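Residue numbers (the UniProt record's numbering), protein chains in the order written: chain A, 1 to 251; chain B, 1 to 364.
Hints listed in this document are in silico derivations from the structure and should not be mistaken for laboratory results.
Hints are not guaranteed to be accurate.
[To be verified] Dumping the calculated EDC-like pairs for lysine to aspartate or glutamate here, alpha-carbon to alpha-carbon at most 16 Å:
hint : chain 1 : residue 1 : chain 2 : residue 2
1    : A       : Lys23     : A       : Glu224
2    : B       : Lys356    : A       : Glu224
3    : A       : Lys243    : B       : Asp280
4    : B       : Lys321    : A       : Glu247
5    : A       : Lys145    : B       : Asp280
6    : A       : Lys214    : B       : Glu300
7    : B       : Lys223    : A       : Asp238
8    : A       : Lys102    : B       : Asp146
9    : B       : Lys223    : A       : Asp149
10   : B       : Lys356    : A       : Asp171
[Unchecked claim] Just a sample of chain A residues kept apart from chain B, beta carbon distances all over 12 Å, derived:
hint : residue
11   : Lys50
12   : Ser198
13   : Glu239
[To be verified] Quick partial rundown of chain A residues pointing at chain B, CB under 8 Å, derived from the structure:
hint : residue
14   : Met33
15   : Ala89
16   : Asp123
17   : Gly136
18   : Cys169
19   : Ile201
20   : Ile241
21   : Asp242
Fair warning: this is a prediction, and the values are worked out from it, not measured in the lab.
Yeah, the Cβ is synthetic: ideal placement off N, Cα and C, and Gly gets one too.
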Amino acid sequence: MKIMVAVKRVVDYAVKIRVKPDKSGVETQNVKMSMNPFCEIALEEALRIKEAGLAKEVVAVSMGLANCVDTLRTSLAMGADRGIHVEAARELIPLTVAKILKKLVEVENPGLLILGKQAIDDDCNQTGQMIAGLLGWPQGTFASKVVLDKEKQVVTVDREVDGGLETLCLDLPAVITTDLRLNQPRYATLPNIMKAKSKPIKKYTPEELNVEIKSDLEVVQVTEPPKRKAGVILSSVDELIDKLRNEAHVI
Amino acid sequence: MASRLLLKTLSKRHRISSTPFPFLSKSSGSRSASTLVLAEHEGGSIKAQSLSAVVAASSIGENNSVSMLLAGSGSSLLKAAESAATCHPSLSQVLVADSDKFEYPLAEPWSKLVQLVQQQGGYSHVIATSGSFGKNILPRAAALLDISPVTDVVEIIGSHQFVRPIYAGNALCTVRYTGASPCMLTVRSTSFPVPPVSGDLKSDRAPISQVDLSTLDEDSIGKSRYIKLLSEDTERPDLGSAHIVVTGGRALKSAENFKLIEKLAEKLGAAVGATRAAVDAGFVPNELQVGQTGKIVAPELYLAFGVSGAIQHLAGMKDSKVIVAVNKDADAPIFQVADYGLVGDLFEVIPDLLEKLPEKKMST
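Please model the entire structure based on the sequences and the hints provided.
This is how it looks when you write it as structure tokens:
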């Protein structure tokens, strides 16, 4: 079986972002970029399944600007066997990403598709569900545990839902999106980073895959959220209780 | 203005006499809309979070007729439908999909159901609350309808213009939906609070009708099976809708110590929250995590003990009305958003608070 993992290049999670003065978006020039943390977890899970002998190959896919190749190289250094880069001139919305992924699935025929549950830049939490819908595959979103049964061709997924943990059993092929607690992603070692340079990355354009890039969403503006007014540092519990009772009126 | 609205009301009520006219909202939109709300039910009643999707729907525009879609099977579904029929004044119809296929809220049958009901009803908007239910189902249904949904809407500006947070709430993005109908949204429940006196708001009962499932496309249904749900039973108020939330971070050091937080929460009639560090360390179960990837809360009072205030945690609580932070480290970022800060050891502060706080009558 082949596992396909979608990875996204985003502004590093620890960066304090800045909104552009013209309100057109968030500053991404000269900002540290990394692989989306949920995508790292998705890749780690695919690698663990392969290492357990349940999959033969892990293919990492990324789409967007030319520099997405850096993110794919990171995936290869972590252990993915090869990469696919769909080069597009601008940021793609989840529906387009899902359509491109569907075409790639038709080419590559993976038995399992693993994605992060959300990208930490657009915070959409949509792509995995959309690709599952387009393919007619079952979905196991917000996964915190994945157990693959190769013989029965099913995968059991523990999902982090509002009220606790839900367990589902999905027929393969399936789509899984990862939550933070699924695993602890590995670091790429230097020898593996060197090795990754010789691993293949195949290039496509959306046109080659017959996917039209259009968007039914238009960004009107991006603004900073309202600032909270400065607070005060108190000196004792008594003062705190007094403030909460007589100033804030919340207790 | 008022008389014009009244006239409209009367004329519409006259035209479609079987449908009680939806309550007129205060909103800006003027085009008439018809909204489908995807709702969750449990034990014969509508989940509180689903009601915020109805509140959001009622702010989309005047003349918005709001239908609620419920799915499930048997008597608990019927009971839920009865309670839905009077749950909100803007609701004009309750649609019920009764089938074993909907016994559990699985995305595969639900998304096909939404597609079917949309084809039957031609709605202008489809809305769910952005909990794990809405986030799981709505994007899949949207893909089937070839539509880009808008996640986690915090403000509805017009019938097709919305505000949503991006980058863990560090920027607000205003988007306009320009595609075909329906416009699909998940809304953040804390931004569309349900008025507390929602008991007998609605005097007239919205009609309940069954969805004709004879043409339900069953491809992909049955490819997923529900096994079980593990949930922590707790007497405390629900984290998402509590008036007071008490949160503990890594500094609690152990699950045993975390009981201090629980004790304080009990005293305040509050819900308990946690940071990712506290959950990962196993102090509390994951459904208590507050943050970008956990629950988003906006209570009246948020008390953070031993929480540093990472970007990802702030994303989940910085819309709280009053924030109190107790931390040993005076430079902790949490103090930048706190209204009241106390630099000190939480192992001294909490017992002190427990002793000095008055007994609280439970307000929930």
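* **Structure versus earlier hints - violations, ascending order** => When the structure is compared with the hints, numbers 2, 3, 6, 7, 10, 13, 14, 15, 19, 21 turn out to be violated.
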